[in-house]
Every structure is written in C-alpha cells, then in structure tokens.
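Undergrad: Listed below are the residues making up each chain.
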Amino acid sequence: MARTELVSKAAKRKRAFWRTLMYIAIAAFFLWTTLPLLIMALSSIKEHRDAFQIPQVGDWLGALKIASFSPTFHHYTDLFTKEHFAQFILNSVIASGSASIIAVSLGSLAAYGLARGKIPGEQHLSFWILSTRMAPVVAVMVPLYSIFTGLGLLEPSRWRNLLGLILAYTTFDLPFAVWFMRSFFEDIPVELEEAAKVDGCSNLKAFRKIILPLAMPGIVAALILCLIFSWNDFIFASIFGQQAAKTLPVATSELHSTVSIEWGGILASGTLLVVPMLFLGLLVKKYLVQGMTMGAVRQ
Amino acid sequence: MAHLKDGTMSQNVSPLQSENAFSRLFDRIKGMLPFHLWIMLPTIIVLAAITIYPFIWMIVMSFKETAMNPGESDIWVGLYNYTRLLDDEPFINGVKLLLWYFLLCLSIEVLVGTSVALLINNVKWENFFIIIFIMPMMVAPIIVGYLFRFLYNVSFGWGYWLLKSSGLMSGETILANAKPWLFSFFPSTAFMAVVAADVWEWTPLIILIVLAGLKAVPQDQLEAARVDGAGPVRTFLEVTLPNIKSVLLIALVVRFMDNVRYIDLIYVLTKGGPADTTKILPFYLYNVSFRYFEFGRGAAIGFILLLFTIFMGLFFVNVVFKKKKEVSNSG
Amino acid sequence: MAKVTLTNVWKLYGKIEAVIDLSLECKDKEFFCLLGPSGCGKSSTLRMIAGLEEISEGEILIGDNVINEVEPKDRDIAMVFETYALYPHKTVYANMAFPLRVGKRNYSHSEIKERVQKAAKILEISELLDRYPKQLSGGQRQRVAIGRAIVREPQVFLMDEPISHLDAKLRTHMRGELKHLQKVLESTMIYVTHDQLEAMSMADRIAIMDLGLLQQVGTPDEIFNQPVNQFVAGFVGDPPMNFIDCGLEVSGDSWNLINESFKINLPPDLIEKFKKKNGDPSSRPLEVVLGVRPENFVISGEKARGEGFWGEVYVTEPLGEDMIVDVTIPNNKLKLKTSVDLDIRMGNRVWLETMKNKMHLFNRETQEAYF
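Chains as they are written, first to last, in the numbering used here: chain Z, 1 to 299; chain W, 1001 to 1331; chain F, 2001 to 2371.
Because the hints were derived from the structure by calculation, they are not lab data.
There's no promise every hint is true.
Restraint ranges, calculated between C-beta atoms of paired labels, are given here [claimed, not checked]:
(1) Asn-2008/F x Ser-1107/W: 53 to 61 Å
(2) Asp-187/Z x Gly-1273/W: 45 to 53 Å
(3) Tyr-1082/W x Val-198/Z: 58 to 66 Å
(4) Asp-2064/F x Ala-11/Z: 14 to 22 Å
(5) Glu-2071/F x Glu-186/Z: 22 to 30 Å
(6) Val-198/Z x Lys-2134/F: 34 to 42 Å
(7) Ser-68/Z x Ser-1107/W: 38 to 46 Å
(8) Ser-257/Z x Leu-1237/W: 41 to 49 Å
(9) Gly-1231/W x His-2180/F: 33 to 41 Å
(10) Lys-9/Z x Lys-1124/W: 22 to 30 Å
(11) Val-2102/F x Lys-1179/W: 43 to 51 Å
(12) Trp-2310/F x Asp-187/Z: 55 to 63 Å
(13) Gly-1231/W x Leu-2185/F: 25 to 33 Å
Restricting the straight-line Cα-Cα distance to at most 16 Å, the calculated cross-link-like pairs of lysine to aspartate or glutamate (EDC-like) are [what the hints assert, rightly or not]:
(14) Lys-2183/F x Glu-2030/F
(15) Lys-12/Z x Glu-2069/F
(16) Lys-1164/W x Glu-193/Z
(17) Lys-14/Z x Glu-2321/F
(18) Lys-9/Z x Asp-2074/F
(19) Lys-2356/F x Glu-2307/F
(20) Lys-2073/F x Glu-1089/W
(21) Lys-2337/F x Asp-2238/F
(22) Lys-12/Z x Asp-2074/F
(23) Lys-14/Z x Glu-2353/F
(24) Lys-12/Z x Glu-2071/F
(25) Lys-2303/F x Glu-2353/F
(26) Lys-2275/F x Glu-2368/F
(27) Lys-2337/F x Glu-2353/F
(28) Lys-9/Z x Asp-2245/F
(29) Lys-2090/F x Glu-1238/W
(30) Lys-1096/W x Asp-1276/W
(31) Lys-1064/W x Glu-1294/W
(32) Lys-286/Z x Glu-1126/W
(33) Lys-209/Z x Glu-193/Z
(34) Lys-285/Z x Glu-1126/W
(35) Lys-9/Z x Glu-2069/F
(36) Lys-2029/F x Glu-2153/F
(37) Lys-1215/W x Asp-1087/W
(38) Lys-1271/W x Glu-254/Z
(39) Lys-1179/W x Asp-1276/W
(40) Lys-2335/F x Glu-2312/F
Heads up, the beta-carbon is just placed ideally off N, CA and C, and yes, glycines get one too.
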C-alpha cells in the first residue's frame, strides 16, 4: 500500500509566516495600549526633572533611561496636603454614588416594566430613553444650566452644587440603567412570578422576593457602570459642580492653571482617578459590551 | 385579597388608610393599570422631568436672545438664532470638522478594532488581552487628554520623541500644528493628534463588541466553509462578516453617539485651536454657551446637533429591532 | 479508490479518551455507519476523518493517502452537518455553489450552474434555488445541505446525524431517500447516528462504538443475529433484547441453564459453539446471562412442554399488528413481542418458552457472547 503525503513543506512554512505576523500585530497593539498608561504611572512617581527627561531624537537605546530614576511619592501626598484632594475625592464619591443608586433603584422598576409588559408605544418609549444617550452633553447642559440657576443649585453652597451634580448625572445614568437592566429582567421566566402569585404573593411581593434577587447580577453591573460613567465625567462637573463641589476630574484640570502646569500632580491625580475604575471595569468585564451598547449586544 | 379585572390582586387595605383621599386615588391608579405599568410610573415621571422638561426649555430658549446684562429679560427672536447659523462661519467650520472627526475616528477604530478582534479571537491568551485592552476605556476622557498632552509635548513628550525618532513626523510641533496632515484637504496635524487620542481610548470598545459578535458566529458554518475549501480571507468575507454585520452596525452607531458627545479631549488638548482647526461643533457649542453665555444661540446649535444625532439613533433602533425580529423568526 | 482506513486512531481531549485505538476500513462505494450512544466517540471519529479535529494518534487514509496533516479542503470530502450549517445570508443556489467557487479547481459559471441544477434536481429542490434558508422548512434545509455536499462529487461523503432534527414521519421518508441516493451516486458514505433503526435500515456495514471503543463491525444481519457482546446485543433491536441472569450447570453431557424460574437444556450445537468460544475446557464460568429478543418467545396460557416458565403479565401495549407484553418473573421483567390477536390481559399468568435457535448466551463478567 503506497502512502503519500498530501501536504508540502512550503504550505507549512507559509502557515508559520502568517502566524508570526499575527503575533507581531498583536504585540504592537498591546504596546500601543499599555505604554501610555505605563508612562503615566511611572512619571507620577518621578520628580519633575526625571519625568521631563527624554533622550535625543533617534537615540533609541537612551529610551531605556526611562527606568532609571529615584521614585518619589510626593506628587501623591501633595495632592492631599497641599491641594485638599481628600474633599474632592469625597465629592466625586458622593455625586457618582448617589446618582448611581438613584438611577439603579428607579431604573430597575422601569426596566422590569418594560421587560414584562406589552406597552402601547413601547418602541417609542425605548427610543425616548435611547435619545437621552444621543443628546450631546453640551446641548443638554444649556437648558439644565438655566433650570438649575432657577432652582438655586448653582449658588456657592457645597450641598446645593452636589445636589445639582447628582441631578445632572442622573439625567444620563437613569436612562442608561433602564435600558441596560431590561434584558436581565427579560431573562427571568414569567412562570416564576406566576408560581409565586399562585402561592399567595402579591405582585409587589413577587417582584421584591423573587424577581429582584434573580436580577441582582444585572442590577449590580448597572450600578457599577453608572459609577464609572459618572466618576469619569468632567464637563458636567465643571459647570454644575461650580467651586463648592469640585470633583476629582475638575480638580485635576485645575492643576493646569494659566501660570503653570503641575504635571506631577496631574499625572498622580490621573492615576488615582483611573485605578479604581480599572478595578471596577474588571468586575463588570462580562457585561461591558452589553453596557456600552445599551443591551443591544450580549456577550 | 380581591381579584381585580386586570388580573392583579389588590392588597389588603386597612379601613384607616382608605379614608385618605390620596391613597384612594393611589389605589384607583394602581387598579387601572397592570402591575408592570404602574411600577414604572415613578421612574417615568422622573425621566420626564429630567429629559422632556429641559428639552422643551431648550427649544424655547433657542427662540430667544439671551440678555447681556443681569436684570434684563431675554428677547424673543423667533427663528433668528437658526437662520443666522447659515452665515455663521464657525458653525459651518464646526460642522465640517465634526464630520471629519467622526468619520476619521470611527473608520480607524472599526478597522483596527475588527482586525485586533479577529486576531485575538480564540487565541490562548485571549482573556488576558481582553483585560489589558479594557484599560483605556476605563480612563476618564479628560485624563486621556492630559496623558496625551503630556506625551505630545515638544520638550518632554515620549510620543513626540517616538514620532520624530521613527521618522514618522517632519513638523516641529504637534498640538500647535495647524498645517493639514498629509494631504492639503485633510484637517490639521493637531486634529489628527486628537483623533489619535480618541482612537487610543475607544478602539478597545470596538474590539470587545466585535469579539462578542465573532463568538456568536455559528461554529458549524465556519466548519462547513472549511470543508468546502474556503481560505481564511474568503471565510471572513463570505461567512464571518455577514454574520457580524448587525453587531458592527451597532458598534458604529454607539461609538458615533459617544464620539459626538464628549469634548473632554479637545478641551484639554487644544481648546479648539490651533487656529480653530479642532473646533468641532460640540466644542463651538460649549464656547457659545459657557464662554460667551449666549444661551439662546447655544440652544439653537444644540438642537441642531441633537437632531443630527437622533437621526443616526433612529437608524440604530431600527437595526436593533430588526435584529430582534430576525432572531425570533429563524430557529 | 475511495476507501477510508483508520489504523490505531486515538482521540484525546486533554486526559479524556474519546476514541481508543480504533481501526476500521470502509470500503469503496460502501454505506458505512458509525453507530452508538452519545459520547461513544462516533462524532469525534467522523470529524477526524473530515479534518475538523486533530488526530491524537494513529493514521487515517483516504484511498492510499495518509491524510493526517491534510486540510479538510484538500481531502476531497464533503460533509453534511447535524445542524445543516447553511449560510443564512446566501440563497439556496449560492449555498450550493459556494464549494465550487472557493475550491482549488476553477469552475466556470456555466459549469457551476450545471452542477447545482443537477444536484437540485436529484434532491427535488429546483424551485427553491432563489430562496433563503430561513424561508425553508427543516426537511428542505436538510436537502440543501446534502445538495451542497453533492455538487462537489467528492470521494467520500460524511454525514453527522443529518436527519435527527426532522420530525418522525419525515425521518422515515428520508431514510429511504438517503439510501437510494447513495446507490445512485455510487459514492462512499460514512454516516454517524445514534438511532439503531437508521443504521440497520440504511447501512451496508455498521461499526458500533461505546465509550470510545469499537464493539463490533459487521453487516446489519451480523450485528443483529451475531452480536459479540451484551452491549451490541442490547443496543440493536427495538424493543431491546431481554437479559436474564442464570447459572450454567454441567453434569456429564447435560448442559443446563438454571435460575429460580427455569431449567433450560442446551442442544449440542450450542454446546459446541460455547466450547469453541470458551477455549479452556477445564474452567467454565458458572454465572452467565441469557439473552432472548422479544420476538423470540412463545407465549401460551397453559403449560405446554417442559422447559418453559411461568410469568405474570404486567402490562400489554397493542401496536396495531403487534403487541408488546411486559411479563414479570422473579427478579426480572421481560418485554415480549407477539401478535395482537393473543388474548391475554394484565394480571394473567402466562407460560413462556424460548426459541432455542435464537438464544444468546453471555459471560456475566466480561459480557462477551458465546453464541
């Protein structure tokens, strides 16, 4: 019985070539993604004179100098001692946290309603909710500014400004939360509620005791995503937080004044801003796509 | 417990409570609507308050010219705020630049994002890559702005150094460079620098979305194509791509909406300059409203911007609903 | 020559042995069936032949060529998937034309058209060529999937449970159609299924597998009438064979099967078969299993001859012409198939006798068959 090989060596080499190319491409994108972040973190623990040191143009080996420096954390500590960042962080936490909680609490109710019912004009309702995501921030801010002025939320008082900020954040967190959580409620079979009702629960009780616990993963994910969106906001905070309720992003931008740019502080503050969000992002990794596409794409 | 006509069951109401007119009204409303509708009411009311009310306010504002001095009231000018936009050069420039902005950002992000997604799909370290690639998305846009401003700096920016050292850049500045990039009809170098920052931050989102779509491509179709003899390119074009078409569309529209929304990058990197070459419409709107405080004109511009985005959003809803219908028809 | 040979083929998924040391040969133009319960390794085997799975060890040959390292597209095979795997965004025509457009050979437009239409005619789907898969019924989609395989006129057809998702009536119809098609096309076909009725009715030869191991290869007749072990005996045939534990008692030339219900004497030819299989005459297992198919019992209301045994009717299931009767005996419940005309009812006592020429005997420990 004659045996022949039907695969040539050339074909095998071709496969290996494309494979290597693929790995190079992935590596290139990997570097593109991580290097800026690395530079930011590294520079935040360098004295300015070290951070501003770059090699001559074309001096590739000199690039290794990026790793030689004596680390210092004074940029970080200065934020708290000289620039009172503790209260800005607190403002961020209060504003983002409150808005997220409100958004998710109210949002879950509406998400459930949308998921369950045949509502007349459901498509219009969905579109209305979606349109809030589409409204450019700057466009929404104009009427809000007027309204908030009228409500006295822009006067120099910390709690007024915070309230205004929370309200502003809710304008985009709430619609998002509704749209995002809807698919989680849809996933819970109606039969479970029906069984609970047959067993004697009222509608509300069935919702509280059966549906909510089952939808918890979606609710928590929505909460975290709202937190991320609100925490990272700059524009709303710069206008509605005014001076009394500065959030972390706004405070960071103020390290860049007309006189000088406090790069150390900016980079340190930036790192502080980013790290918790990285952590949160990993927590909701599974739902990121669902969140960012408002539930249109499931992972 | 009483059974109501709509099938819900009313809860026991104590005699004392039913005396109160409010709670009677409350119960009446509760009884009129099925459970899933009335539970939505509080949210709907809040939503209406924070969206519809400002929306109407915005439209009304756009018909007025904002008073210059405190104490004066606004003047009603009808459609003047809109008609004067036709001559408003910064407005037209803003529109042009906005088109460039989202066309460039989106096309690069989708091309690169899809390619990377294809590359890392089903590779051994896929999960690790996903975790790394999520990071830029989690960074606040304003921080991305400062980061890139740091990198682009002529004196100490590593980005600047890299571009010059690799010969990719001939000019001397990045963010101050108002000269067209590459071709004469292209936006400025500074503009491209902003685009690069946006691409850095948001390409990962496209990667994740496309990856989700790729995983939904039925394995058996890919195997059938393999047995039929299709090579990788052919398989991608004729089997994979049609299957991820709707996902790509969703990614495009979602990114478009966010691309037009955020002006953090421009605020930090160029503030609209140099020479207005990065003053995209949303940023111009920001200036008009919050630097010049011409709220009336700002409202008009905002309304137009909103219409433009909603038009694209309609498209989005159609795709999503069509997809949902398709899924329920087949299988 | 389009025979397919597997030599000592193994498939490992990590530590799991899905296919263990499998060797078989499918002849040219044969309808060869891989039969077995889920998890037995039949699909893995088919996918290795197709090239969709790596071959962990061993060799697979198509014709005289070792194809272990060859890409599926170069093996000159066509596959029909269990889920059909039609391209949803292409018309039926485009689905069937796809393999012709992308393969190594460059077919002209007219050649493609001719081949597709020819295949469509054979499968009676000519009017559907402009439709999309989602507009077709399950049976139509399945025929398109087959059509996509036919147009290539490959050396070997591979089919992975192609009719398991059709409704029962259509399945019965398609069994005949597929068998006819294979003969008309004169092609080698390897067909995977878990349904023993499909295998028995369609195949020229069947290979039964269980837990990765090949149990038996043979024609349907051989599999049915000469099963080599209890697994094969119990897998093929509906209702399945009855297994009754008993002891083997030998006194001189008298060999008997004994248990609490009966004592059955073994005729000389069966004794010979046993001796041949058993080998060593000095050691004989005392514990054996008697296997009798449902249709190989004789039932009567009264004790006829000496060698039968009593049982009680548990339930009767009339099926038109036939009737299934469940009979309980001490420590066992038997299923018998008899004519529906027999007048017996639940609770009746019945006298059962086995048809000796149709009895099977198995070693209780190894489960291998003596006869």
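Undergrad: All hints, please: hold or fail.
TA: Outcome of the hint check:
| no. | hint | result |
| --- | --- | --- |
| 1 | Asn-2008/F x Ser-1107/W: 53 to 61 Å | holds, 54 Å |
| 2 | Asp-187/Z x Gly-1273/W: 45 to 53 Å | holds, 49 Å |
| 3 | Tyr-1082/W x Val-198/Z: 58 to 66 Å | holds, 59 Å |
| 4 | Asp-2064/F x Ala-11/Z: 14 to 22 Å | holds, 20 Å |
| 5 | Glu-2071/F x Glu-186/Z: 22 to 30 Å | violated, 43 Å |
| 6 | Val-198/Z x Lys-2134/F: 34 to 42 Å | holds, 38 Å |
| 7 | Ser-68/Z x Ser-1107/W: 38 to 46 Å | holds, 40 Å |
| 8 | Ser-257/Z x Leu-1237/W: 41 to 49 Å | violated, 54 Å |
| 9 | Gly-1231/W x His-2180/F: 33 to 41 Å | holds, 35 Å |
| 10 | Lys-9/Z x Lys-1124/W: 22 to 30 Å | holds, 26 Å |
| 11 | Val-2102/F x Lys-1179/W: 43 to 51 Å | holds, 47 Å |
| 12 | Trp-2310/F x Asp-187/Z: 55 to 63 Å | holds, 58 Å |
| 13 | Gly-1231/W x Leu-2185/F: 25 to 33 Å | holds, 28 Å |
| 14 | Lys-2183/F x Glu-2030/F | holds, 9 Å |
| 15 | Lys-12/Z x Glu-2069/F | holds, 10 Å |
| 16 | Lys-1164/W x Glu-193/Z | violated, 65 Å |
| 17 | Lys-14/Z x Glu-2321/F | violated, 65 Å |
| 18 | Lys-9/Z x Asp-2074/F | holds, 15 Å |
| 19 | Lys-2356/F x Glu-2307/F | holds, 11 Å |
| 20 | Lys-2073/F x Glu-1089/W | violated, 61 Å |
| 21 | Lys-2337/F x Asp-2238/F | holds, 10 Å |
| 22 | Lys-12/Z x Asp-2074/F | holds, 14 Å |
| 23 | Lys-14/Z x Glu-2353/F | violated, 70 Å |
| 24 | Lys-12/Z x Glu-2071/F | holds, 11 Å |
| 25 | Lys-2303/F x Glu-2353/F | holds, 10 Å |
| 26 | Lys-2275/F x Glu-2368/F | holds, 14 Å |
| 27 | Lys-2337/F x Glu-2353/F | holds, 13 Å |
| 28 | Lys-9/Z x Asp-2245/F | violated, 60 Å |
| 29 | Lys-2090/F x Glu-1238/W | holds, 9 Å |
| 30 | Lys-1096/W x Asp-1276/W | holds, 12 Å |
| 31 | Lys-1064/W x Glu-1294/W | holds, 10 Å |
| 32 | Lys-286/Z x Glu-1126/W | holds, 14 Å |
| 33 | Lys-209/Z x Glu-193/Z | holds, 10 Å |
| 34 | Lys-285/Z x Glu-1126/W | holds, 13 Å |
| 35 | Lys-9/Z x Glu-2069/F | holds, 11 Å |
| 36 | Lys-2029/F x Glu-2153/F | holds, 13 Å |
| 37 | Lys-1215/W x Asp-1087/W | violated, 50 Å |
| 38 | Lys-1271/W x Glu-254/Z | holds, 15 Å |
| 39 | Lys-1179/W x Asp-1276/W | holds, 12 Å |
| 40 | Lys-2335/F x Glu-2312/F | holds, 12 Å |
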